[in-house]
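Enquirer: What follows is each chain in one-letter form.
Number of protein chains: 2
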Amino acid sequence: MDAPPKSKPNSKTHRDLAPENFLEQAEKIAEWIANYLENIRHYPVLAPMKPGDIKQILPESAPYNPESFQQILEDFDQIILPGITHWNHPRFFAYFSITGSVPGILGEMLSAALNVNAMLWKSSPAATELEQVVLDWLRQMLGLPETFAGLINDTASVSSLCAMAAAREAAGLNIREQGLAGRQDLPPLRFYASTEAHSSIEKSAIVLGFGQNGLCKIPTDAAFRMDASVLQQAIEDDIKRGIKPIGVIATLGTTSTTSVDPVAEIAKICQQYQLWLHVDAAYAGVTAILPEKRALFSDWEFADSIVVNPHKWLFTPIDCSVLYCRRPEVLRQAFSLIPEYLKTAESESATNLMDYGVSLGRRFRALKLWLVIRSFGQSGIIDAIREHIQFAQQLKSLIEVNSNFQLLAPVPFSTLVFRFIPRHKTVLPEAELTRLNQQLLENINQTGKVFLSHTVLKGKYGIRLAIGNLKTTWDDVLLAWHIIQSEAEKILMNYAFKGK
Amino acid sequence: MDAPPKSKPNSKTHRDLAPENFLEQAEKIAEWIANYLENIRHYPVLAPMKPGDIKQILPESAPYNPESFQQILEDFDQIILPGITHWNHPRFFAYFSITGSVPGILGEMLSAALNVNAMLWKSSPAATELEQVVLDWLRQMLGLPETFAGLINDTASVSSLCAMAAAREAAGLNIREQGLAGRQDLPPLRFYASTEAHSSIEKSAIVLGFGQNGLCKIPTDAAFRMDASVLQQAIEDDIKRGIKPIGVIATLGTTSTTSVDPVAEIAKICQQYQLWLHVDAAYAGVTAILPEKRALFSDWEFADSIVVNPHKWLFTPIDCSVLYCRRPEVLRQAFSLIPEYLKTAESESATNLMDYGVSLGRRFRALKLWLVIRSFGQSGIIDAIREHIQFAQQLKSLIEVNSNFQLLAPVPFSTLVFRFIPRHKTVLPEAELTRLNQQLLENINQTGKVFLSHTVLKGKYGIRLAIGNLKTTWDDVLLAWHIIQSEAEKILMNYAFKGK
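Sequences listed follow chains E and X, in order. Each residue of the first sequence is one higher than the one before, starting from 214 at the first, in this note's numbering. Each residue of the second sequence is one higher than the one before, starting from 214 at the first, in this note's numbering.
Hints listed in this document are in silico derivations from the structure and should not be mistaken for laboratory results.
Here are a few chain X residues that face chain E, going by a calculated C-beta distance under 8 Å: (1) Ile242; (2) Ala275; (3) Ile293; (4) Lys335; (5) Pro400; (6) Leu421; (7) Gly424; (8) Asn426; (9) Thr468; (10) Glu559; (11) Gln591.
To spell it out: a stretch of chain E is covered by chain X in this simulated footprint if at least three of its residues, at any positions, have a beta carbon under 8 Å from a beta carbon of chain X; those stretches are: (12) 249-255; (13) 329-339; (14) 370-377; (15) 397-408; (16) 422-430; (17) 589-600; (18) 661-670.
Note that the Cβ used here is the ideal one computed from N, Cα and C, for glycine as well.
Just chain E, same shape as in the assembly (with noise of 0.2 Å):
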């Protein structure tokens, strides 16, 4: 990159700030984000708020003049910063572990500068045909055939609703133009997916019109893994009781457990009865770049669409959601709609990404996932996911061997699921366990050195702990275990005093 050449100081570009009125204060912003990612460490981690905190005291109104950045930026040390949890902590073990990361950051900066809208081939070329070429990028790093081709979506629930349509649309049944509703023609219609299933699979069936009732949800085996059987049994259930099934959701590391649906089978019985088959890998899909993780994904290329989320296990920040799919005319005949003051020469040529999805509007979301995967490589890209997993199973060991601890699920990623038994009270009640744990987890939480959620499987309740940020040491994975046991010591201490 040119330096610039000099600028007069106070020149104004018309309206907006002048242009070195930016560089003084994206300079000083650079600074305090070097400095928040070198001394990230020293934040508590969840945000130590109660409801109503920072509204009451921000301005009820918006200020009539011009102010300062100095100011702000003075308001967003003193009164945003407190109110933040740190998803880039490397101690944010809760939900999915993600990361912001120094490529990724730059990348958004010049997106935001460039403030292009990526709906038209036209109307940025090289925002459309970077995605093109960085999805096909990801695609062969995840051993996925040239037949898919891929788009950025916000989010997974967006990719897995987009998906869904189409899986709607390739049904045929003229909904597109006629609808579902009062056609005395169509039956009810069905998607399938496991009860592990993450809830934007059951909203995007609200969405589209097929109710909470139009997803089948079909139990899991011991390892929280889709029974296929089940699943051929309610199809063919289904079938005769006049409904048309449509759809099957497999997930390949799910929410709570990252346990992986048997897609192989799955994809066998969709083949069988025509269904498309979605498959949800938005956390676990970036673990197929691993050679010896590849087998969890085998067969994954029947299905007819796959999101994987980059902004979850890709150290891209949020949001980068990837749809592939392997019969993109299907989703363009579900969503495009050309209005006269869209239409362009180029639509015969070129690939409009506007007529896939939802939304029209689509910010350059390319350029940072390209800086991603060229500055850490392949190689520095497979070196992060590998250590994280292995943080994981070296946790999940220490656990294994502490009796005051039971795992609550295998580990094929990086995320576990384990709960505190205290080793005198093995018969405690489910309920009172319960308690126990989510004393725990809030007292393990209010150390503001760590964070972890938790979920409930099969009806108990498990701490949840998840590794994924690039920041993430094993001294940071081994800090979490030490206050999840000492915090643990002090609730035994209590519950033996209170229990004389």
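With chain E's structure known, arrange chain X on it following the hints.
Expert: Just chain X, lined up with the frame of chain E:
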């Protein structure tokens, strides 16, 4: 903001790049952006590319080893930048002219570094509360009553989809649970919008299972405004035919001409038939801040939901679309699904914004809007929008007195639609006029100095010029007008020769 402590050179934050590496690169990028903003008039507005031009230069696969920022940023300059259509250029007059303003870019920097997910209050209290507070500021600026609560979506497409999903839910047909398909108890359902409504309204009708037939398009009057009497008649006719009306979408500022539907009349009809009224004011809504424009929005507060996009005309980088809802509990009812792993102790006392829309994951978009509103102040925003409208009115006067051009629509805001009608050729057939104006538009855009788009109004092809970038001056508008005229002259010359 305090200066950070000095970092050791080449320190590393485990597997991410080091903070001082960030600082070094962020400073380079900041300089690049300042230079870009300073010299943006030197870039061709519309990228002079053919489909595939960029794709063929980029490598076919991702690098295995890490690459240096220097290499990546050189590629950005040499490969990506020439393929960018410059939406941040002051002579980008196509679609809707937007601004990635200085405070907006700075806000995105901070947001990317924090990388929080505002799905739950707990997952970042400040992100949720700042969103609520800033949208309350904006609500006051727009003159809406405090019964309206706001939240940010990525685009108006999604905001309108959510609003229409709430309309469906409000009808009380148990659609959330039972869906629409195969129900003998459900009549066909219908939304109503004008023929000039945005394509995203029709797309939402398709997604929600109403189908294209489930959206009744009401004709417009000579000024492209929905004809309320036809709306009333259509509703009456549908009810007689056994179709159940669900909601009406009024557009205040349509995409083609920025026409303003008679919202007061439409609101009365909605009240009479108990229909959900959604107002699409994605582009023009912000002009309600101007006292002299407020009358156009009179009675819009009777709407159930309103969408206004700060990323269109409020100088905020995309994406930032605000959905206001007078009945947020219905929106919640339509979308809320809380799996165990997302339950929090604060769900009674705090708002979890994930409950009010499609996407679970939510970027911290309020931050940039907060920076924009505070940096410009209400006064700065009013001055800028007022000036854009004034520029458009001045250009309108110039077009009106030029006998070679014809305005095709009123200009209530800052967008003009006009066409070239050679003065000696007033009897040219419509198809020939279309061909002439298509050619003219192509020639204008090929200069690289301006970018305009087009539309078709009641069969007439029109050139569309929208003003809305903060850097745009009257000289920019005048230059556009000169280019339009001189390119028209050239066509006329050719035409005269050919005609002989």
